[in-house]
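Enquirer: Hey, can you piece these two chains together into the complex? The hints should help.
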Amino acid sequence: MRRTRTVCPFCGCGCSFYLLSEGDRVTGIEPSPLNPVNKGMLCVKGWNAHEFIHSPERLTTPLIRKHGSLVESTWDEALKVVADRFLDIKKQFGSRALAFLSSAKVTNEENYLFMKMARAAFGTNNVDHCARL
Amino acid sequence: MVGLAATFGSGAMTNSINDFDGADLFLVIGSNTTSQHPLIGSRIINAVKRGAKLLLIDPREIQLAEFADLHLRHDIGTDVAVLNGIMNVIIEEGLDDKEFVETRTEGFDQLKDVVSKYPPRVVEKISGINSHDLKKAALMYAKADKAMLVYAMGITQHTTGVDNVKTCANLAMLTGHLGRPSTGVNPLRGQNNVQGACDMGALPNVYSGYQPVTDLAVKKKFEDAWGVAALNDKVGLTIIDMMIAAQKGGLKALYVMGENPLMSDPDTSHIEHALSNLDFLVVQDIFLSETAAKADVVLPAASFAEKEGTYTNTERRVQISGKAISSPGLARPDWQIICELSTLAGYPMNYKSPVDIMKDINAVTPSYAGITYERLERGYGLQWPCINEDHPGTPYLHKDKFSKGKGTFIPCEFKPVVEMPDEEYDFMLTTGRIYYQYHTGTMTRRTSILDREAPAALVEINPEDAKKLGIKNNEIVELTSRRGSIKLKAEITKRVPQNVVFSTFHFHESPVNILTSPAYDPIAKIPEYKGCAVKVRRCA
Ligand code: SF4
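So the protein sequences, as listed, match chains A and B.
Position one of the first sequence corresponds to residue 8 (the working numbering), numbered consecutively onward.
Position one of the second sequence corresponds to residue 326 (the working numbering), numbered consecutively onward.
Looking at chain B on its own, in the form it has when it is part of the complex (with noise of 0.2 Å):
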């Protein structure tokens, strides 16, 4: 997100999920779709299957893979030298847009300065990509009419996520794949209501909109709006620096909503040392989480279909979801909890239901100005932008020119994951999660068909490496980092490389996060999951 704001002023999907349907070429690189994201996994293939053209770029064999016209194998964390390279050969065949390069961007010779230290040679020294195929690759992307450059959390969680966005958008412009149906740069979020959190400010630096705590006229209007003398206009800290501040014990007080932050945090043991150092923690929750279950107080929340409210999607879709059945017990909405404790704390809020609460949303934010109860009930979801009832929501971004006028092109230089593997820690462990389960599977396992299905924790090791180590399918192994050990069990299978590892983070009899790296992009403060380095032996 943060990536994407600096380059062109919003950091969403550019583009809609029926795009898909109509575009020429994917790229997809740091995404396993069809796991992650079905539906929009299966508008890939279904494309595909009508002769759209599809480039992977990604370390493991994923499902996709089958599909592929071309699939790129780059080693772990070397994204930006890939895409560096794929530009540096896109200019030098004179393949950039140049007339989209010249109205819409600025930044041009600076990028043209550091891809040309990319040439495929040096590419593939640095990624395990050979020339031929890099070029490829590049000629595909640039000649396509209409190609939707798509990436997820592959991208976004390593110490480099934010250039690997920049990247992406750099990658995007020069060829002028922006700004018109099926095209576009195209993160897809994990958590269903991502893109809404981060839309309403649920962020250290912005209030709803994007509006900047620091910017006096914003300070101002939220000020009116909301009856309070002084806001706050220091930005906050984010969850890293939570945690690191509750460890110093800067930070006494913790209230947590709807999250499991010991399971879903790099580093796990360095979080319940954080955790159990405040003086006071809260949570608010359907379920007993293990976060919870360090808590001073609990508060039971509904589900989701035991009360009314909007989600946007990955698409920037405001969608309305309806309330079905009553809570158990005296579990009760978020937003009642919420509006009683604020009440309590001398801040009374007295709204009677979501819709209430969407007319505030309505009043300060802009992007949302025009998106009601009243037209989400009528019809399936309103894009934003929608800036006034009229306004029939925006299905592609930057048109005619970017939200923050022109797009810049900012360049970036290759930087390996920070900690590699060496003599020691000779393997590269990479995390994601798998199809049948959800995050930190506080939902999904205990949904029996999900659980049946993939009920415990598995490490995929490459065939040629299990044999080197004597590791047998099915066998448990013992992974050990530099911050602690988790023991599962193998899967053999070519889908990960020699010298990789993968394994999922849903499990809490094998909670993978003990071993990640604390390592964070400095910018976007997203913890390396995607890379750390350990050891692998057979538990005898």
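So that you can see chain A by itself, here it is in the shape it has in the complex (with noise of 0.2 Å):
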């Protein structure tokens, strides 16, 4: 059994828990005891943090849209059609007709490079998420 330093994905709390796993398995949570922000506690959501992780609705194969259905693809494929696609647009509408939605669930490593890519590799300062809301 592996134990595993992660934070709760479900509040801005920043609970902290070990996740237990098998494998690839996620077993159970183990609350940090002495992590400053919730000292070995956590509400039913933090507890209850693994089980959609292994959801069987995951997505797991990269998606494109034929024939006004999504259908599977490889990375390359699916990757190089939103890269074209996007470097086409701004060709013809320029950087300002690209925008860019980040996250807040995701962490700031993803979030720094996300519009490290809007700006610098797309050239247009369109980026936000949706935590206005």
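Simulated from the structure, these hints should not be mistaken for lab results.
Keep in mind that a hint or two might mislead.
What the hints assert, rightly or not - Below, in silico cross-link-like pairs of lysine-lysine (DSS-like), each with a Cα-Cα straight-line distance of 30 Å or less:
#: 1; chain 1: B; residue 1: K546; chain 2: B; residue 2: K684
#: 2; chain 1: B; residue 1: K619; chain 2: A; residue 2: K98
#: 3; chain 1: A; residue 1: K97; chain 2: B; residue 2: K677
#: 4; chain 1: B; residue 1: K731; chain 2: A; residue 2: K87
#: 5; chain 1: A; residue 1: K98; chain 2: B; residue 2: K740
#: 6; chain 1: B; residue 1: K450; chain 2: A; residue 2: K87
#: 7; chain 1: A; residue 1: K97; chain 2: B; residue 2: K545
#: 8; chain 1: A; residue 1: K97; chain 2: B; residue 2: K860
Stated by the list, open to error - According to the in silico footprint, chain B covers these stretches of chain A (three or more CB under 8 Å from chain B):
#: 9; region: 10–22
#: 10; region: 31–39
Unchecked claim - Chain B residues, not near chain A, derived (Cβ > 12 Å throughout):
#: 11; residue: K378
#: 12; residue: E391
#: 13; residue: H396
#: 14; residue: S441
#: 15; residue: I451
#: 16; residue: H457
#: 17; residue: K461
#: 18; residue: D524
#: 19; residue: P529
#: 20; residue: E548
#: 21; residue: K559
#: 22; residue: R641
#: 23; residue: T690
#: 24; residue: M745
#: 25; residue: A791
#: 26; residue: T818
Small disclaimer: the values here were computed from a predicted structure and weren't measured.
Every residue, glycine too, gets a C-beta built ideally from N, C-alpha and C.
Expert: See the structure below:
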């Protein structure tokens, strides 16, 4: 069994817990006793924070819309379509025709890279996230 | 965030979660803390049990009301009037902290002018709070030694959201409840990394660390650091402007990472139209959300358990989160997807791990300069500003001076909710979240125990109103606004005052945001979720 220190994904308190796992299966949660935020406690959302990870509804493959419906594809194909379409639209309408919505659920590093990509790779400041909401 | 940045120079929670244990008084306004931030809610309840006072300002009889020494149930959207009234009493009674005001702030005369227009009897007319209670509240807050003001989305999700926040800041400055442990103005962030997303510059006007895109020195710095010839120095579009631009046809392509705007945004049908008007929509997520189902390309992402990274909680604490398992199928961490895509688009990114990315962040973001993985692994997180590797982090802000030097009083006048009830749409609808669910439900609805405890959307109706409309508990009712209508189950409860109905936005079967108003705060561009006019009917 492995113990991995993580941060609860469900609210801004930032409670810390260990995910207990066997192979690629998360089997349980153990609050961090010494963390100054939660001091060994969690709320019901935190105690159940691992369940959705193994949902059968998880997306497991890139999808591309073809003839109206989303069909499975490879990473190479999907990323190429995204890059090409964004560059095309930029060429035709300028970078102001592109926009990027980041997330209050992903990591700091990912938010940083996302805004860096929007600004450095695509030349737009049309970057925001949904947490105004 | 915008409101606090204008008054103090920094938009974050001023104090820390551990400070809750040392406060003498809590003023909680617009935060259903036990439901939205359960662990902070318990800190408040524990503090009350050891003798701290709780002053609650909230239209609904939320769980914290049971523990409150005084609960002011003001009319929805009258927060500025109530807080101005409290300041009016404080100044009249000579209870303002004159030394703090003199040495640490500017603009007191303007504040005094504005709040002089809000004596208790005027506030009573606007908000429904009687003069006696208002005075009592003012004395409680002003006389406390260490008072923490706490707010959440009940304050920010109004067209007057920025005014509400500035007014909270005015009150804290007026009484000197700032710059010391267990005091301050403390916005509680909703989602787990809202603070981090803002800190990292996922905003149209700033790079990481709130460095403005319009500042030429900042632009130069990022051009050098990122190896780019010319960065754009015009402020970009906010999410609301993006949707408007998409509708009008100016915006052609949108990339959505880990969000579900089709459920979380106000006025859903508007957004649906905007999204279908795009030439190209990409959604990167862990589930096929309502928004992803409309996309041209969907990219499968890793969940928090499947990647390494840091998150910044509501008290500015940056914490590390490790990788426990590998992702299902072909799903990948968001950072890897971004690196590949950027490289394909002609701007190579060669980060080997989040540790590498953090080094970049340290180099260009002064408030994060000393926050390294090495330090985070050794301890329990670091609170920014943390300006170098020897800096211990900052448990409370504005100790001897504000981030911008002096704190500025920015007085605000009361403005009513934009869409007030009228004869036809005679109820005020207000929305919020409940304990067992989270945001648009993409994660929590897939967690069986959470879904069992609160499986369907409810609308809370006051017993008097229910009687008039002939509605019984658990009956299906129809709510109609100028934008659409939905059906849901009625819960008859005194938790809501008369003429107000309350519902949540977690359920795609009854998406409340079909009804809500797209009117938004002109500065922060936060939509008004907290009030719009509806009519309520019993379904035959
Ligand atoms: S355990 Fe509960 S209080 Fe703590 S972060 Fe998670 S949702 Fe928030």
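Enquirer: So, for every hint listed, does it hold in this structure?
Expert: Status of each hint after checking the structure:
| no. | hint | verdict |
| --- | --- | --- |
| 1 | K546(B) x K684(B) | holds (16 Å) |
| 2 | K619(B) x K98(A) | holds (24 Å) |
| 3 | K97(A) x K677(B) | holds (29 Å) |
| 4 | K731(B) x K87(A) | violated (51 Å) |
| 5 | K98(A) x K740(B) | violated (45 Å) |
| 6 | K450(B) x K87(A) | violated (62 Å) |
| 7 | K97(A) x K545(B) | holds (23 Å) |
| 8 | K97(A) x K860(B) | violated (45 Å) |
| 9 | 10–22 | holds (count 12) |
| 10 | 31–39 | holds (count 4) |
| 11 | K378 | holds (23 Å) |
| 12 | E391 | holds (18 Å) |
| 13 | H396 | holds (23 Å) |
| 14 | S441 | holds (33 Å) |
| 15 | I451 | holds (27 Å) |
| 16 | H457 | holds (36 Å) |
| 17 | K461 | holds (31 Å) |
| 18 | D524 | violated (7 Å) |
| 19 | P529 | violated (5 Å) |
| 20 | E548 | violated (9 Å) |
| 21 | K559 | violated (6 Å) |
| 22 | R641 | violated (10 Å) |
| 23 | T690 | violated (8 Å) |
| 24 | M745 | holds (22 Å) |
| 25 | A791 | holds (29 Å) |
| 26 | T818 | holds (21 Å) |
The structure does not agree with the numbered hints 4, 5, 6, 8, 18, 19, 20, 21, 22, 23 stated previously, though it agrees with the rest.
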